[in-house]
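K.L.:
Protein chains in written order, with this note's numbering: chain Z, 1 to 325; chain E, 1001 to 1297; chain H, 2001 to 2484.
Among the hints, erroneous ones may be present.
Derived lysine to aspartate or glutamate pairs resembling EDC-like cross-links, with alpha carbons at most 16 Å apart [claimed, not checked]:
{"hint": "1", "chain 1": "E", "residue 1": "Lys1083", "chain 2": "H", "residue 2": "Glu2108"}
{"hint": "2", "chain 1": "E", "residue 1": "Lys1151", "chain 2": "H", "residue 2": "Asp2165"}
{"hint": "3", "chain 1": "H", "residue 1": "Lys2290", "chain 2": "H", "residue 2": "Glu2228"}
{"hint": "4", "chain 1": "H", "residue 1": "Lys2404", "chain 2": "H", "residue 2": "Asp2165"}
{"hint": "5", "chain 1": "E", "residue 1": "Lys1083", "chain 2": "H", "residue 2": "Asp2089"}
Calculated directly from the structure, the hints in this document are not laboratory data.
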Amino acid sequence: MALAPKKNKLSLWQRIRQNSLAYKFIAPTFVAMLVVHLIPIVQGLYLSLLDVRLTTLTLYLKAPFVGLKYYIEVFNAIFGIGEDGTSSRVTGLINAASNTLVYTIWTNIGTLGLGLILAMLLNRNFRWRGIARTLVLLPWVVPTFVTGTIFNFIWLEQGGLANRILLGLNIIDMPITWLIGPNSLYALVIATVWRGLPFTTIMFLAAIQVIPTDLYEAASLDGANGWQRFRHITLPLIKPIAGTQVLFGLINGFYGGYNIAVQMFGGGTGFAGEYADLLVPAITRQTWERHLYGFGSAASVILMGMLLIFVGIWYRAFRDSLRAE
Amino acid sequence: MGVSLSKKAESARSARATINYKAWLLDRGGDILLLVIIALMLLPIIFLIVGSFKSREEFAVGSNFFPSDWRFENYSEMWTRVKFGTYFSNSLIICGITTLVVTILASMSGYALARFRFPGAGGLSMAILGTQLVPGTLFLIPLYMTFLWMKNNLGIPLIGTNFGAIVLYVGFFLPISLWIQRSFFATIPIDLEEQAMVDGATRFQAFVYIVMPLAGPGVISTAIFVFLTAWDELLFAWVLNVQTIPVGIRQFTGVAGSQNRYELLSAASVVIILPVAAMFFLLQKRFIAGLTAGAVK
Amino acid sequence: MQRSRRPFINWLTLLTLISMILVACGGAETAPTATTAPAATATTAAQVEPTTAATAETAATTEPATAEPVAGEVTLKLWHMPNGAAPADAIQAEIDAFEKANPGINVEPEMLDWGAAFQRIQTSVQGGEGPCLTQLGTTWNPTFAAMGGLRPFTAEEITAMGGSDSFVAASWATSQLQGMEGTFSIPWFADVRALAYRKDLLEKAGLKPEDAFKDWASFKTTLATIQEQNPDVAGIAFPGRNDWNVWQNSSMWIWNSGGDLLSSDLSEATFNSDAAVTGVSEFANLYSSKLTVTNTLELNSAQVDASFGDGRTFSAITGPWLISNARTAADAGGWANRTVADNLAYAEFPAGPGGSYTFVGGSNLAILKSCENAEAAVKFVQFLAGNESQLRYSQAIGMLPATKTAQADASIANDPLYSVFISAAAKGKTSAPIAEWGQVESVLNEQLGSLWDDVATAGGPVSAEVVKTRLDQAAQTVNELLGN
Chain Z
1 MALAPKKNKL
11 SLWQRIRQNS
21 LAYKFIAPTF
31 VAMLVVHLIP
41 IVQGLYLSLL
51 DVRLTTLTLY
61 LKAPFVGLKY
71 YIEVFNAIFG
81 IGEDGTSSRV
91 TGLINAASNT
101 LVYTIWTNIG
111 TLGLGLILAM
121 LLNRNFRWRG
131 IARTLVLLPW
141 VVPTFVTGTI
151 FNFIWLEQGG
161 LANRILLGLN
171 IIDMPITWLI
181 GPNSLYALVI
191 ATVWRGLPFT
201 TIMFLAAIQV
211 IPTDLYEAAS
221 LDGANGWQRF
231 RHITLPLIKP
241 IAGTQVLFGL
251 INGFYGGYNI
261 AVQMFGGGTG
271 FAGEYADLLV
281 PAITRQTWER
291 HLYGFGSAAS
301 VILMGMLLIF
311 VGIWYRAFRD
321 SLRAE
Chain E
1001 MGVSLSKKAE
1011 SARSARATIN
1021 YKAWLLDRGG
1031 DILLLVIIAL
1041 MLLPIIFLIV
1051 GSFKSREEFA
1061 VGSNFFPSDW
1071 RFENYSEMWT
1081 RVKFGTYFSN
1091 SLIICGITTL
1101 VVTILASMSG
1111 YALARFRFPG
1121 AGGLSMAILG
1131 TQLVPGTLFL
1141 IPLYMTFLWM
1151 KNNLGIPLIG
1161 TNFGAIVLYV
1171 GFFLPISLWI
1181 QRSFFATIPI
1191 DLEEQAMVDG
1201 ATRFQAFVYI
1211 VMPLAGPGVI
1221 STAIFVFLTA
1231 WDELLFAWVL
1241 NVQTIPVGIR
1251 QFTGVAGSQN
1261 RYELLSAASV
1271 VIILPVAAMF
1281 FLLQKRFIAG
1291 LTAGAVK
Chain H
2001 MQRSRRPFIN
2011 WLTLLTLISM
2021 ILVACGGAET
2031 APTATTAPAA
2041 TATTAAQVEP
2051 TTAATAETAA
2061 TTEPATAEPV
2071 AGEVTLKLWH
2081 MPNGAAPADA
2091 IQAEIDAFEK
2101 ANPGINVEPE
2111 MLDWGAAFQR
2121 IQTSVQGGEG
2131 PCLTQLGTTW
2141 NPTFAAMGGL
2151 RPFTAEEITA
2161 MGGSDSFVAA
2171 SWATSQLQGM
2181 EGTFSIPWFA
2191 DVRALAYRKD
2201 LLEKAGLKPE
2211 DAFKDWASFK
2221 TTLATIQEQN
2231 PDVAGIAFPG
2241 RNDWNVWQNS
2251 SMWIWNSGGD
2261 LLSSDLSEAT
2271 FNSDAAVTGV
2281 SEFANLYSSK
2291 LTVTNTLELN
2301 SAQVDASFGD
2311 GRTFSAITGP
2321 WLISNARTAA
2331 DAGGWANRTV
2341 ADNLAYAEFP
2351 AGPGGSYTFV
2361 GGSNLAILKS
2371 CENAEAAVKF
2381 VQFLAGNESQ
2391 LRYSQAIGML
2401 PATKTAQADA
2411 SIANDPLYSV
2421 FISAAAKGKT
2431 SAPIAEWGQV
2441 ESVLNEQLGS
2451 LWDDVATAGG
2461 PVSAEVVKTR
2471 LDQAAQTVNE
2481 LLGN
């Protein structure tokens, strides 16, 4: 701002003229965002009010207007209002929404918790630190669709790597069924955490590294033990970065999981079963298998609403640390 | 007196020794924990690499960890089973150009957002963040229809072409990239540019010759982030008919049992992981430095 | 950035921005409809008025006449899916043979994966650009025909290929669209399901195939007997939810129980009838009765085939491709020299109260309306439907030929393994030729998939009510989709 010190009353036009370079710099980005994000998003919002299906897709925005029909359907089903038999497309969606919540919570706990532990372990001085830091990053370069395929075989009940290790170490005495039934959601969570851990670790490591060591030394002299130092020095200082991570985690949890789920359960068919079906795969199925484009858009908007609620909570929780920045 | 003093010192020393001993023990515990976590993180990758040498049957049965017979020919068969070379080069072209364009545009826009207080900046910032909160499934169909319309009416070949994919991904990854870039520029002291401009450089020259070199680590980390994300994108590529690796690699599997060639899929995966891993190792030091700077601001 | 202290103003700006975009979109909104309108009318016409559809058809058929005769170099683009274990080689062999016989026509193949293929064909139908020829999953034909994207084959062209009677009836049915005259695609190969089993184990149990797989009761006894005699071998393996063949596998139990998927006028779901519920319960309870591989429900088709090849199971629900597995050398990824290879045998599905039917799927060949060299494309389709190509290609990819002539060829008809599939295919059933089939299938897969979760977690036999609830749910959604 130092370069534009005259912040006294300039007319809008003058201010625009003064910042012409900024507009030139922004212009390409603005056009790209307009074409790829903003115009399609607005159309998508409108689409959620239309009955667009395979037969009316060519009409597109001229398709029959149904207003809030889909939203009302979903809300009625959530609150048990209305006719008895609810369409399975709605119940499927609600089920997927609750799975998505559990999935988001667990993947966040997993990546943030493990990421923090791993970052602290990597922040110590030890001989193979450089190599260890590099190795930890490796899962990040494995594409998610490959991750799904690998884990399809790792989770096999008979002969799968996971059960063989668990059995070999006597942690379990009966093989666990991962890919069908209630465990399938956790099979998905673990695969997601595995893929997401490197990024969180590196971000936490970055944050921990810049904490001045004399803070810890001073605390030690005052008799603080390891836990107290962590609780009162490390945690508060990494809160801003943790905030960013939680936001990323929320977005990834709500909108992610498609590639892994689609490959892990059935090599590309896309239905992970009632226990592990997430919203994005469910919406994709409604849209591209059943060609209910309008309904799919409405479902996407509801998904976005869910995320925004959590972003609101997130904002309240991390507001201070964002300001502190 | 002297005795008691030395005694005190001794007890203090022994207390410190216990603490050191405890710390040492804790440290070794940490080592073991780290070793276990790293082993668990590497295991799936080792499984993938080892699996790429198995026979079709052995992979599908999945009971042996190591192949009974190491089939190196999987790596040659894989290129003919699917026209993998095409997908591979498409992905390299698309992701490479996307990364380049996004990095340049994001640097410019990020710089503008960090340094200028222009009318509309606040709204733009909100719009940028807002785009990250919208699910792809909401604008996938409109995007598809828009691209289709552009192709049919304006003759711009956006569907099923590398060009279309680049346009898509550039638009896709620009907001988040410029947000990251912006925070890097914010960490660079403004005095350097002012000095350069006093010396007669234009604002643009100051940006190119002074600011950009300083933002190097940030630029590299953004570039890697963009490349890795684009390299991994399936849904949009699939719907917009772009022939990238995520789409092509699924040709190793199919609807009937006989169509599934997991061992070739693994070999292909190893091949596509290699360039990314190589890039990662080459740029790793700078990358981590860049993320550090970006993360803290 | 102190700016962030003014969130309200930011939000206001954002709102203004959005409203600006809304205005901008208002202009863009009308344009796509205007240009794509012809396609839209064609679609609605196809569904409502047969007369206009007929004109559409004649228009399409006269097109090739006005097109240039096949002279000079013609390039045909062909889209195909990964058929068989070496799909690129298999299709190239056909293309080479065709090009040799038809100089001047070049075929350019491009492989699509099953996950993306539908979408790509849809785009090319709507965008008017794509290949000349495409492979279609048999269930896709009606959808694209209803969208007006396929060029119907003329009566003469069909006669030249031997007429509709020369194709397997169930396969031919998939080339039609309910309520619209015309043949929109030509069956290419048939994917027929049967029960693969181990001859040696059956003999050891002193059973004859005609008794062992006679009906549901004898089938269960057979599986139990085999398991008793061979502690390491399970009775049967079949994929559960994590597979592409979810509704296909269950539908055979519905048909054999005397039920059907849709009503005879194809307007209503009937897969929740009592007979259907009995059939699906019978299927599901193979697992509950512990007659299956313990983890069969989590497996996909490839893993099921592999566990059969590995000798873990006595039988498996699978297709003809195991024949080539059994006859391929071990170093080429086959089973030769294994016990399984010498003892592979097939049986038709055990009959239920409704008889013994199997599922016939596979793929068809269609010419897109946008194809400029339809005449050359027809030639290629005729070549692929010809006896020589039918035999060579179907064996290369481990499927069954779609023509009766090819099936009657000594190399297939006299083969004890293939012959089971021929008689099964003759009584085969398949998906309904309605435009909404893809959606019906998607709903069925979802509810049947969830049923497998129910079965896996039940810890005992699942009750008919559980099955009925799932199928009712699916029926309700399907009926909504069908407009009831």
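K.L.:
Does each hint hold? Answer for all of them.
P.N.:
Checked hints:
Our distance criterion of 16 Å between C-alpha atoms is met by E:Lys1083 and H:Glu2108, whose separation comes to about 13 Å. Annotation: proposed proximity of E:Lys1151 to H:Asp2165 is violated, straight-line Cα distance about 42 Å (limit 16 Å). Annotation: proposed proximity of H:Lys2290 to H:Glu2228 holds, straight-line Cα distance about 12 Å (limit 16 Å). Taking the CA atoms of H:Lys2404 and H:Asp2165, the gap is near 8 Å; set against the 16 Å cutoff, the hint holds.
Pair hint E:Lys1083 plus H:Asp2089 holds up; C-alpha atoms about 11 Å apart against a cutoff of 16 Å.
Figure legend: structure checked against the earlier numbered hints; the only hint not met is number 2.
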